[in-house]
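Keeping the supplied structure of chain A fixed, place chain B upon it in accordance with the hints.
Protein chains: 2
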Amino acid sequence: MDSCLVTFLPDNKKVRVSSGTDILNAGMAAGVYINSSCGGEGICGRCKVIVKGGRVESEPTGRITQEETKAGFVLACHSTIHSDVEVEIPPSSRLTKQEILTDEAKVHRLKGVFSEAGEVEERIELEEREVFSHSPLATKLFLTLPPPTLDDNISDLERLYREIRKKRDIPILQTGLANVKKMGRIFRQSNWEVTVLLGKRNGTTEIVSIEPGDSSGRNFGLAFDIGTTTIVGELIDLNTKKTLSTKAAYNKQASYGEDVITRMIYAGKEGGLEKLHHLVVDTLNELIMAAASEVEISLNEITCVMCAGNMTMAHLLLRVDPTYLRREPYVPIANFMPVIRAAEVGIKINPRGLLECIAGVSSYVGADIVAGVLACGMDEEEALSMLIDMGTNGEIVLGNKDWLVSCSSSAGPAFEGSGVVGGVRAMEGAVQKVEITPGDFEVKYSTIRDGKAIGICGSGYIDCMAELSKAGVIDRSGKIREGTGSPRIRETEEGLEFVLVHGDETATGEDIIITQADITNIIRSKGAIYTAAKVLTNKMGFELEDIERIYLAGGFGNYLNIDKSVSIGLLPDIERDKFRFIGNSSLAGAKFALLSYDAISKTRATAKKMTYIELSVEPSFMNEYTGALFIPHTDIDRFPSVKLQD
Amino acid sequence: MDSCLVTFLPDNKKVRVSSGTDILNAGMAAGVYINSSCGGEGICGRCKVIVKGGRVESEPTGRITQEETKAGFVLACHSTIHSDVEVEIPPSSRLTKQEILTDEAKVHRLKGVFSEAGEVEERIELEEREVFSHSPLATKLFLTLPPPTLDDNISDLERLYREIRKKRDIPILQTGLANVKKMGRIFRQSNWEVTVLLGKRNGTTEIVSIEPGDSSGRNFGLAFDIGTTTIVGELIDLNTKKTLSTKAAYNKQASYGEDVITRMIYAGKEGGLEKLHHLVVDTLNELIMAAASEVEISLNEITCVMCAGNMTMAHLLLRVDPTYLRREPYVPIANFMPVIRAAEVGIKINPRGLLECIAGVSSYVGADIVAGVLACGMDEEEALSMLIDMGTNGEIVLGNKDWLVSCSSSAGPAFEGSGVVGGVRAMEGAVQKVEITPGDFEVKYSTIRDGKAIGICGSGYIDCMAELSKAGVIDRSGKIREGTGSPRIRETEEGLEFVLVHGDETATGEDIIITQADITNIIRSKGAIYTAAKVLTNKMGFELEDIERIYLAGGFGNYLNIDKSVSIGLLPDIERDKFRFIGNSSLAGAKFALLSYDAISKTRATAKKMTYIELSVEPSFMNEYTGALFIPHTDIDRFPSVKLQD
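Keeping their order, the protein sequence lines are chains A and B.
Note that the numbering used here has the first sequence beginning at 1, numbered continuously upward.
Note that the numbering used here has the second sequence beginning at 1, numbered continuously upward.
Think of the hints as simulated: they come from the structure by calculation, not from any bench.
Computed from a predicted model, the values in this text were never measured in an experiment.
Glycine included, every Cβ here is placed at the ideal spot set by N, Cα and C.
Don't take every hint at face value.
Quick list of in silico lysine-lysine cross-link-like pairs, DSSO-like style, CA-CA up to 30 Å [to be verified]: (1) A/K181 x B/K252; (2) A/K608 x A/K401; (3) A/K609 x B/K166; (4) A/K609 x B/K181; (5) B/K609 x A/K166; (6) B/K479 x B/K433; (7) B/K181 x A/K252; (8) A/K609 x B/K167; (9) A/K181 x B/K608; (10) A/K252 x B/K182; (11) A/K348 x A/K242; (12) B/K269 x A/K181; (13) B/K539 x B/K608; (14) B/K275 x A/K181; (15) A/K269 x B/K181; (16) B/K14 x B/K269; (17) A/K643 x A/K470; (18) A/K643 x A/K433; (19) A/K608 x B/K166; (20) B/K14 x B/K252; (21) B/K181 x A/K348; (22) A/K241 x A/K608; (23) B/K182 x A/K609; (24) A/K181 x B/K348; (25) B/K182 x A/K275; (26) A/K166 x B/K608; (27) B/K241 x B/K166; (28) A/K52 x A/K275; (29) A/K269 x B/K182; (30) A/K578 x A/K539; (31) B/K609 x A/K182.
Among chain A residues calculated to face chain B with C-beta under 10 Å, some are [said to hold, decoys possible]: (32) Y161; (33) M183; (34) M337; (35) I340.
The following block holds chain A by itself, in its conformation from the complex (with noise of 0.2 Å):
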């Protein structure tokens, strides 16, 4: 029997897939999330799934226990599909542990977490820098061509040339033959007046489009940062530069693999690469479709689109083969990516548009980064600069306007939203701001836009984890106390773990608990990041207070409290004033860079000028780390703002 009928409860959704599909694929092809951090490896024994009726082998696995096989449990991953089966997916193996949700909760929830396209999400605009022309990677021209006349007879592609050279200064034109199959009709068709539309294409000009009548009113792009868990997208009036539209979604690449590595991985394995490279075309269409119509534009005026991402999502998207980035010595196929036809890797704008990724460093410091040196513009500065951005990989830059190294530390996801319990994009209703009174633990917070709580975004762990820790919730090691008397703090199956908000308040009428798990995600996370900073800065033979200034970048939300940072260890307790927060410069970048020509250039000139430094080799990398897992360090004394207060 060649083709199997696979039901997964409890949402009964069902899918046919060909025998021999592994449970996990099949739950991607019923739109059915299945957690998986490992990418399918085997190895993390997240996707567990319990067999319920059918044929499915297993392969063997450490990861699941005897009684667990007894009840008939298997991992997703390394169980394949060989009759009608019914698999049953238990809470623990959902993408979030809140799916039991009522039902207009339910779908209020999912739409954040696997939203067929993000809502509007809080970020800081960075101010325009009026440095860059404005030379967007597409423009569109309205031409009255003069008709031709037997003392005037040049060819309609000359006559064209001729009437756009007179208004740009453009060296080398040119332009397919599908345009000129078409001029001829057009031209005449619309008595010669047409709208051409030029793109920006590997250091020339081209005719991308000709358009019957004046439509150069009408001209879209979009900016996209492409992160490993989260995609973000900017829908921009490229005549005006002003935003449209902001979405994001997370990455639905998610389900097979936490981290770039597990993507890597999973891309190696047969027909993997061809997978997470639709699953991410996929998220970006479901963004560009969500604002495209919420702003009522068609998808045929959008020209252009241009995207910041880490190295290993520009080859996913590209669907050029990742494998090489995580094997020594760590070349990317490509860090210049040619711009194409968004069409090409099935990007659903205009079929004529183009697609541009701005350029990366090397394997681990990719476009995103870039993208965020130019949004900032440290690269231009006299001044020592650093910047941290706080993705799935927390990535750092220090440097000035003569040199710039950076490097590369793995933070997770959770400040982002994902891989912790109650985490949740910074989206309405997030919990952003959160203040616990010592002694009785009563809770105040805030969420963003006032939305009833729905979850914490990046600011709110933040928040949440210096105020346990001033409250006496959690020690210095970041264990949750125990006999504190507090209702708060409750026992579970898994563990301690506390209430933030209750039930009675949330949108989803579940309560929002912080567990002692998520408490380790977020101290591992933040204490990569004070590695990174603090071994580059020193490896460049500088301190930390030697800089003067630090962008911080992250998608938190429009809100980082930086005292609150410093006190738990995330940030080096150096003058306030050096830091400013940016908010996603990978997006703020990749804007810039779809609006103006120069600044798309002087991405190239950073991807070239950056040095990228391999930190997990230098000897006192592992020292640190283990010091930085403690609030807000082993060593107080390098927080003697957090040690006055103690």
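Relative to the frame of chain A, chain B by itself:
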């Protein structure tokens, strides 16, 4: 009934077409060639066929007599099929009247007319003009890349660019996503030894493809002269510049009209453009296949194609609408066509290989003429020169290094062996030289490669005309004289004809004849060319005697008798050493352009520099043309050397 079975007699060829298809198109689909010189307009009346059975609807026409109607005659182009039908094609409507041949001879003969790929064409080799650097449209470069290390871990693409730029100075180097996708694997599997194919594309250099190992020794290209009647291709080793094979065939579009005007009309009909496009592409593909298999080259090793054709042919080749070429103010869609991938139009070479069309001047002076100027070099000379290209359109260029003017005349395909009863291309067995003894009209002739006579090529017709006139077979107006008593002159239903070669000496067993209609045809051709040369020269303020060099081009073969050409009034009566016969200069120019970027740059400059002059609006034109319809001319004083002989 939607699908109808059509049986063509006498060959009993069958084809299924959808109801409503006209018989002319059904014939093409069946591989049956029906005469038609008006492009299916219902004007020429040459496509008469006899409906033997089945339902056919015919539009009224004055081209079919009442008697013919009774006998079942209809015009193929104006009759649609509405059931299974049987159609007989009478001999007069076949594209050649010499269809009924012995079996072997028939194959031989048909090979010449509608060969799957023509035989080697005799042609003049122009000396290679050493002024052009050796820089083909596509070049192969073998590279040994240093494998990446931790100290040198730039991306694969940068590594490739770095190595290419060590060997070549290339300002704008680019490549597409397809190569980026497969690059990583190729580099590693081939141990970092690869061959890149570099193509010159619209002012930039493109990495066209990447192959493992060293294939740089095998890189081939094709130069094509795409004529209205005849297409000739040369397969060239791009490394050694040597021509490996030359193939010629009639342009398969010929069934859809004899000249460019009828082709353009046909292209304007529903589906017409696609059909003509596919026919010329088919012709090219068959020639490519024949040439490549002859010298055992794989199509994959053919990396580029350079085409020279008139403006209509260039448009049809690229499937660009030629409609506006023939409508006032006569503008091409493009005379500088973009360089494309040959596969984009269905040309079967390396799937990523390039196709370039040499630039043309105007609707009626195309790339073939620009290529001709390149080949003869008249654009570099101080002296006043003229280029006369005797194709189906006779084009003439006058000028020197400072200026160039051109014009076009409708010569018809007679000099290419088409549209005349005994005509063949300049191929083995074609009668190319003729002497006729006055009095007994004894004929001495020689054929190309001394093959058994199969027909008369262009140069043979010129000799014939001169000799028929000298011997008194025809009078000054071209009429065959009655009452000479010679058995070579005979009367048929269609009028008088002259038997040049008796059937016992021919390859086909059939007499090779020249009819009165043929003679009229040739007089019109020679008159059109002389008139154009004369009027253009006078228009520019010169006399024909002022011209210091006349380059004669055309697909006559490797022989043209200047004296005889003058004696029939085809060429002006000036010093004989001013003439230089250069053969197929369009093909020679295409070869230069294929092999050198300098040459292709020169064609662009020439196309821009040359002015087109419309002769038909000159007041003197019609008088001049009427005078030229005599042998040699009504004004014998213009031909003093001929007058002297009289």
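A quick look at each hint next to the structure:
1. A/K181 x B/K252: Between A/K181 and B/K252 the Cα gap is close to 22 Å, so the pair holds against 30 Å.
2. A/K608 x A/K401: The hint holds at about 13 Å.
3. A/K609 x B/K166: 21 Å, holds
4. A/K609 x B/K181: Measuring from Cα to Cα gives roughly 25 Å; hence the hint holds.
5. B/K609 x A/K166: With a Cα-Cα distance of about 21 Å, the restraint between B/K609 and A/K166 holds, given a limit of 30 Å.
6. B/K479 x B/K433: 22 Å, holds
7. B/K181 x A/K252: 22 Å, holds
8. A/K609 x B/K167: Holds - the C-alpha atoms of B/K167 and A/K609 are around 24 Å apart, at most 30 Å.
9. A/K181 x B/K608: 22 Å, holds
10. A/K252 x B/K182: Between A/K252 and B/K182 the Cα gap is close to 25 Å, so the pair holds against 30 Å.
11. A/K348 x A/K242: 21 Å, holds
12. B/K269 x A/K181: Since the Cα atoms of B/K269 and A/K181 sit roughly 16 Å apart, the hinted pair holds (cutoff 30 Å).
13. B/K539 x B/K608: Given pair B/K539, B/K608 holds - Cα atoms ~21 Å apart, limit 30 Å.
14. B/K275 x A/K181: Holds, at about 15 Å.
15. A/K269 x B/K181: 16 Å, holds
16. B/K14 x B/K269: 25 Å, holds
17. A/K643 x A/K470: 12 Å, holds
18. A/K643 x A/K433: Between A/K643 and A/K433 the Cα gap is close to 23 Å, so the pair holds against 30 Å.
19. A/K608 x B/K166: Distance ~19 Å between A/K608 and B/K166 Cα, so the pair holds.
20. B/K14 x B/K252: Holds, at about 20 Å.
21. B/K181 x A/K348: 21 Å, holds
22. A/K241 x A/K608: Between A/K241 and A/K608 the Cα gap is close to 28 Å, so the pair holds against 30 Å.
23. B/K182 x A/K609: This hinted pair holds, its Cα atoms lying about 27 Å apart.
24. A/K181 x B/K348: 21 Å, holds
25. B/K182 x A/K275: 17 Å, holds
26. A/K166 x B/K608: 19 Å, holds
27. B/K241 x B/K166: 25 Å, holds
28. A/K52 x A/K275: 27 Å, holds
29. A/K269 x B/K182: 16 Å, holds
30. A/K578 x A/K539: 21 Å, holds
31. B/K609 x A/K182: Roughly 27 Å between the alpha carbons, so the hint for B/K609 and A/K182 holds.
32. Y161: Hint holds; A/Y161 Cβ to chain B Cβ min 9 Å, cut 10 Å.
33. M183: 6 Å, holds
34. M337: Nearest chain B Cβ about 7 Å off; hint holds.
35. I340: 5 Å, holds
In this structure, every one of the numbered hints holds.
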